[in-house]
Amino acid sequence: DAKTTQPTSMDCAEGRAANLPCNHSTISGNEYVYWYRQIHSQGPQYIIHGLKNNETNEMASLIITEDRKSSTLILPHATLRDTAVYYCIVRFFGNEKLTFGTGTRLTIIP
Amino acid sequence: GAVVSQHPSWVICKSGTSVKIECRSLDFQATTMFWYRQFPKQSLMLMATSNEGSKATYEQGVEKDKFLINHASLTLSTLTVTSAHPEDSSFYICSARLGTGLTGELFFGEGSRLTVL
Numbered sequence: 002d003a004k005t006t007q008p009t010s011m012d013c014a015e016g017r018a019a020n021l022p023c024n025h026s027t028i029s030g031n032e033y034v035y036w037y038r039q040i041h042s043q044g045p046q047y048i049i050h051g052l053k054n055n056e057t058n059e060m061a062s063l064i065i066t067e068d069r070k071s072s073t074l075i076l077p078h079a080t081l082r083d084t085a086v087y088y089c090i091v092r093f094f095g096n097e098k099l100t101f102g103t104g105t106r107l108t109i110i111p
Numbered sequence: 470g471a472v473v474s475q476h477p478s479w480v481i482c483k484s485g486t487s488v489k490i491e492c493r494s495l496d497f498q499a500t501t502m503f504w505y506r507q508f509p510k511q512s513l514m515l516m517a518t519s520n521e522g523s524k525a526t527y528e529q530g531v532e533k534d535k536f537l538i539n540h541a542s543l544t545l546s547t548l549t550v551t552s553a554h555p556e557d558s559s560f561y562i563c564s565a566r567l568g569t570g571l572t573g574e575l576f577f578g579e580g581s582r583l584t585v586l
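Those sequence lines, one after another, are chains A and B. Per the numbering used here, the first sequence starts with residue 2, numbered consecutively. Per the numbering used here, the second sequence starts with residue 470, numbered consecutively.
Watch out, some of these pointers could steer you wrong.
[To be verified] Cross-link-like lysine-lysine pairs, in silico, DSSO-like; alpha carbons within 27 Å at most: (1) A/Lys53 - A/Lys70; (2) B/Lys535 - B/Lys510; (3) B/Lys524 - B/Lys510; (4) B/Lys489 - B/Lys524; (5) A/Lys53 - A/Lys4; (6) B/Lys533 - B/Lys483; (7) A/Lys4 - A/Lys98; (8) B/Lys510 - B/Lys489; (9) A/Lys98 - B/Lys489; (10) A/Lys4 - B/Lys489; (11) A/Lys98 - B/Lys524; (12) B/Lys489 - A/Lys70; (13) B/Lys483 - B/Lys510; (14) B/Lys483 - A/Lys98; (15) B/Lys535 - B/Lys483; (16) A/Lys70 - A/Lys4; (17) B/Lys483 - A/Lys4; (18) A/Lys98 - A/Lys70.
[Said to hold, decoys possible] If you want the ones that stay clear, here's a sample from chain A, every Cβ over 10 Å from chain B, calculated: (19) Ser10; (20) Met11; (21) Asp12; (22) Ser42; (23) Gln43; (24) Leu99; (25) Thr100; (26) Gly102; (27) Gly104.
[As the list claims (entries may be wrong)] Just some of the chain B residues that point at chain A, by a computed CB distance under 7 Å: (28) Pro509; (29) Ser512; (30) Leu513; (31) Gly530; (32) Ile562; (33) Arg566; (34) Phe577; (35) Glu579.
The set of hints was computed from the structure by calculation and includes no laboratory data. For each residue, glycine too, the CB sits at the ideal point set by N, CA and C.
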């Protein structure tokens with residue numbers, strides 16, 4: 002699976018959009034981009050995933066660049082409950098395993 | 470969304486004893502479940518892949534005789550930490566894949582915090 006690079010930490014004001022970047026420059030054509038988050042002392046929570054098209058669900062939007070070398074997770078109206086570690090994971094098609102990196106610690110500020 | 474439940478949420482045991490952690494998929498069947506371990510302020514590390522009706526597949530460096538995995542049914546996998554020692558104290562998390570498609574999302578349990586005295 003391709004390696005990802007994320008900023009160690011980010012802050013975002015409550016009510017604002019939180020934009021979390023992820024670099025995956027070595028991604029191959031059949032690797033998907035997944036986002037999970039982990040609130041303190043809980044198991045990871047699935048957020049969204051995509052291959053090459055932008056995706057949106059009730060939690061977030063995923064913007065993948067045309068060359069697929071990077072992506073951005075957008076939380077449109079961040080709340081205090083969105084404070085968590087966010088993991089960007091690239092997963093090879095057919096590989097059920099998830100390899101977690103260090104993620105981005107997002108802190109929502111009141 | 471799909472629910473994966475772990476039990477117990479936290480457990481404290483004496484050194485040398487064995488501890489069993491259960492992972493259940495409550496509203497779906499999972500032929501494959503995964504067990505992770507997470508030390509404080511670190512990321513999740515995959516320990517093993519649990520396959521229903523067959524032996525688990527362990528990641529490099531994980532002792533299979535130390536961490537016994539049993540996937541007896543399509544909704545239950547158990548992890549037994551045998552002869553636990555303080556260095557086994559950690560946050561243990563399981564996950565299960567929803568759906569038959571290979572791109573289905575993985576859902577995680579709430580985690581089980583083990584403290585070995």
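Could you let me know if the closest chain B CB is still more than 10 Å away from the CB of A/Ser42?
violated, 7 Å
If you draw a straight line from the CA of B/Lys524 to the CA of B/Lys510, is it 27 Å or shorter?
It is violated: about 31 Å lies between the C-alpha atoms, which goes past 27 Å.
Hinted pair B/Lys533 and B/Lys483, Cα distance within 27 Å
holds, 21 Å
Against the 27 Å threshold, does the CA-CA distance of A/Lys4 and B/Lys489 hold or violate the hint?
violated, 33 Å
Does A/Lys4 pair with A/Lys98 here, judged by a C-alpha cut-off of 27 Å?
Given that 27 Å is the threshold and the Cα spacing comes to 14 Å, the pair holds.
Proposed interface contact between B/Leu513 and chain A, which counts if any beta carbon pair is under 7 Å:
Holds, because the Cβ-Cβ distance from B/Leu513 to chain A comes to roughly 4 Å (cut-off 7 Å).
Does A/Ser10 clear chain B by more than 10 Å, comparing its Cβ with all Cβ atoms of that chain?
holds, 12 Å
Does A/Lys4 sit within 27 Å of A/Lys70, going by the straight-line distance between their CA atoms?
holds, 11 Å
Can you confirm whether the C-alpha distance between A/Lys53 and A/Lys4 stays at or below 27 Å?
holds, 17 Å
Quick check for students: does the CB of A/Gly102 sit more than 10 Å from each CB in chain B?
At roughly 6 Å from the nearest Cβ of chain B, A/Gly102 sits no farther out than 10 Å, so the non-interface label is violated.
A cut-off of 10 Å on Cβ-Cβ distance, and A/Asp12 was said to be off the interface with chain B. Does that hold?
A/Asp12 clear of chain B: closest Cβ-Cβ about 19 Å, beyond 10 Å.
Given the hinted pair B/Lys483 and A/Lys98, is their Cα-Cα distance within 27 Å?
violated, 32 Å
Checked against the numbered hints given earlier, this structure breaks hints 3, 10, 12, 14, 17, 22, 23, 24, 25, 26, 27, 28, 31; the rest are met.
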